[in-house]
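Trainee: Taken in sequence, the protein lines are chains A and B. Take -13 as the starting number for the first sequence in the numbering used here and just add one per residue. Take -13 as the starting number for the second sequence in the numbering used here and just add one per residue.
Since the hints were derived computationally from the structure, they do not count as laboratory data. All values derive from a computational prediction rather than experimental measurement. Among the hints, a few may not be true.
[To be verified] Incomplete in silico selection of chain A near chain B, CB under 10 angstroms:
| # | residue |
| --- | --- |
| 1 | Ala74 |
| 2 | Ala126 |
| 3 | Gln137 |
| 4 | Asp154 |
| 5 | Asp174 |
| 6 | Tyr177 |
| 7 | Ala181 |
[Stated by the list, open to error] Over 12 angstroms on every C-beta distance to chain B, these chain A residues come out as not near it, computed from the model:
| # | residue |
| --- | --- |
| 8 | Pro25 |
| 9 | Ile28 |
| 10 | Asp31 |
| 11 | Thr51 |
| 12 | Val52 |
| 13 | Asn60 |
| 14 | Asp178 |
| 15 | Phe179 |
| 16 | Glu185 |
| 17 | Val187 |
| 18 | Arg190 |
| 19 | Glu195 |
| 20 | Arg202 |
Cβ atoms here follow ideal geometry from the backbone N, Cα and C, with glycine treated the same way.
2 protein chains.
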Amino acid sequence: MTADAPVVVVVEPQTPGNVGTIARAMKNFGFTDLELVDPPEITPDSEAYGFAGHAREDVLPAAETVTFDAVVENYHTVGFTAITNEDARRHVRFPFRTPRELADSLARVETRTALVFGREGTGLSNEELERLDEVCSIPASADYPVLNLGQAATVALYELRTLTLGPDREGTQLPDVERERADEADIDRFYDFFAAFLEGVEHREHKREKTVRMMRRLVGRAHPTEREITTLTGLFRKAAERVAPRDESR
Amino acid sequence: MTADAPVVVVVEPQTPGNVGTIARAMKNFGFTDLELVDPPEITPDSEAYGFAGHAREDVLPAAETVTFDAVVENYHTVGFTAITNEDARRHVRFPFRTPRELADSLARVETRTALVFGREGTGLSNEELERLDEVCSIPASADYPVLNLGQAATVALYELRTLTLGPDREGTQLPDVERERADEADIDRFYDFFAAFLEGVEHREHKREKTVRMMRRLVGRAHPTEREITTLTGLFRKAAERVAPRDESR
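Next comes chain A alone, as it looks inside the complex (with noise of 0.2 angstroms):
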């Protein structure tokens, strides 16, 4: 998966520490190769590695410096603005893909394709973007959509980080909670020791039955986990004991 892992550019970057913020994200999702084309003089003593993290360990240590000529000759390119052209009389800026359309069609090609960042006050240039094959554009609000760089690159590099950490929750920190949901057998089980503690504290059975549908209705909705149902169950097994009617004619 990995091996087509697509390399990250930033073109002309003009503050360390931007290029701190790419790698950072670079690292938080699964990238690694981190390209700069005439990039600020990077010390170990910059902003660059103050915003790094933990990419200030390998991600930011191996990034190299090239050309723009080479970026174009050598991968399947991708330039990322926040301003497309409206429609498709210019085709500069047009059509273009959103990252989570991108991340989709990359899914399904083998090639090594190469992420193009604009310097921060233009981004990049008509005649660069120009160069590139795909344009990809975040969506943001109409009313200030220009996002900063280390941002912009973040939210790509999220979006796309099903590129190299495999698709859903593969790869990342979160575990798989589709394991989680209760037992539907449990959760009836509940239902059932609720229902016998209504009949403790609610004589009317219309009202006990509109009781129990309100209840499956909420914790229908939320999901709950084995450990949740365990506990309900307990707590209305032993609440049900407690209200039962003393009355052994009843």
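We have chain A; now place chain B onto it with these hints.
Mentor: The following block gives chain B in isolation, referenced to the frame of chain A:
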């Protein structure tokens, strides 16, 4: 829609720069209300303003200082953390939702929600998380899942933008590209001219058929725009005339 836009809460941010980064992400994704628990001093010449972009004009100066108690009391609260519990044996950090799942779930309730982010070094404490209603975690590399505060908020607000901007591309800077695919009739007309062109350069009919099929696949999956098809049609109509056999007896 924006009446229910979540507020963003940052608990004990330590560096003004991160507050500025968060303010910028808020403005980029349509959020307006920033509340800070025990923040550092934020002066107009601090990094907060330097990192805020256009949010220095509204989101950042309007930020309010609040108490954690007030946040718990006034809102449906969602705590963000990179570190979840593994299963339901402990409930402090489990179950959790991903930002995308959270966006889906919040889209269907009418409530004022607070998105709560913790301090840079250690995030939200267990004591704080216990008082919040839901837990949200950004999927990231198992090797290094801890995002920088500003980057975590950026990803979260990006995913939750549908709550403020509306579904899909509504409210974003991106044009609605659905309309942009060329008419099927126009695309088919292009294939006719391409086939006519091939008659002039390839005399073996089975080869021509294969080549038309290849072009249909290539263009088909690229979802051509009207403009692209018009250009291609014009080009191959002209080319077909040029390569047409001159032998009138044919």
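Trainee: Are the hints correct? Go through all of them and say.
Mentor: Hints and how they fare:
1. With 10 angstroms as the threshold, the beta carbon of A:Ala74 comes within range of chain B, its nearest partner Cβ sitting at about 4 angstroms, so the hint holds.
2. Proximity of A:Ala126 to chain B holds as hinted, the smallest CB-CB distance being about 5 angstroms (cut-off 10 angstroms).
3. With its C-beta approaching chain B no nearer than about 5 angstroms, A:Gln137 sits inside the 10 angstroms limit, and its interface hint holds.
4. Using the Cβ-Cβ criterion of 10 angstroms, the hint placing A:Asp154 at the interface with chain B is satisfied: the shortest such distance is roughly 8 angstroms.
5. Given hint, A:Asp174 at the interface with chain B, is violated; its Cβ is 18 angstroms from that chain's nearest Cβ, farther than 10 angstroms.
6. For A:Tyr177, the shortest C-beta to C-beta distance to chain B is roughly 19 angstroms, which exceeds 10 angstroms, and the interface hint is violated.
7. Restraint check, A:Ala181 versus chain B: the minimum CB separation of about 24 angstroms is more than 10 angstroms; hint violated.
8. The non-interface label for A:Pro25 is consistent with chain B: the shortest C-beta to C-beta separation is roughly 20 angstroms, beyond 12 angstroms.
9. Distance check on A:Ile28: its Cβ is at least 18 angstroms (rounded) from any Cβ of chain B, clearing the 12 angstroms threshold; non-interface status holds.
10. Its beta-carbon lying about 18 angstroms from the closest one in chain B, A:Asp31 satisfies the requirement of being farther than 12 angstroms from that chain.
11. With a minimum CB-CB distance of about 24 angstroms to chain B, A:Thr51 clears the 12 angstroms threshold, and the non-interface call stands.
12. Once the 12 angstroms rule is applied to beta carbons, A:Val52 is consistent with being away from chain B; the minimum gap is 24 angstroms.
13. For A:Asn60, the shortest C-beta to C-beta distance to chain B comes to about 22 angstroms, beyond the 12 angstroms cut-off, and the non-interface label holds.
14. Every Cβ of chain B is farther than 12 angstroms from the Cβ of A:Asp178; the closest lies at roughly 21 angstroms, confirming the non-interface assignment.
15. At roughly 19 angstroms from the closest C-beta of chain B, the C-beta of A:Phe179 stays outside 12 angstroms, upholding its exclusion from the interface.
16. Under the 12 angstroms C-beta cut-off, the non-interface status given to A:Glu185 relative to chain B holds; the minimum distance is some 29 angstroms.
17. Taking the minimum C-beta to C-beta distance to chain B, about 27 angstroms, the non-interface status of A:Val187 holds against the 12 angstroms cut.
18. At the 12 angstroms boundary, the C-beta of A:Arg190 stays outside the reach of chain B, the nearest C-beta of that chain being 31 angstroms off.
19. The claim that A:Glu195 lies off the interface holds: its Cβ sits roughly 26 angstroms from the closest Cβ of chain B, which is beyond the 12 angstroms cut-off.
20. The beta carbon of A:Arg202 is kept farther than 12 angstroms from every beta carbon of chain B, the shortest such distance being approximately 19 angstroms.
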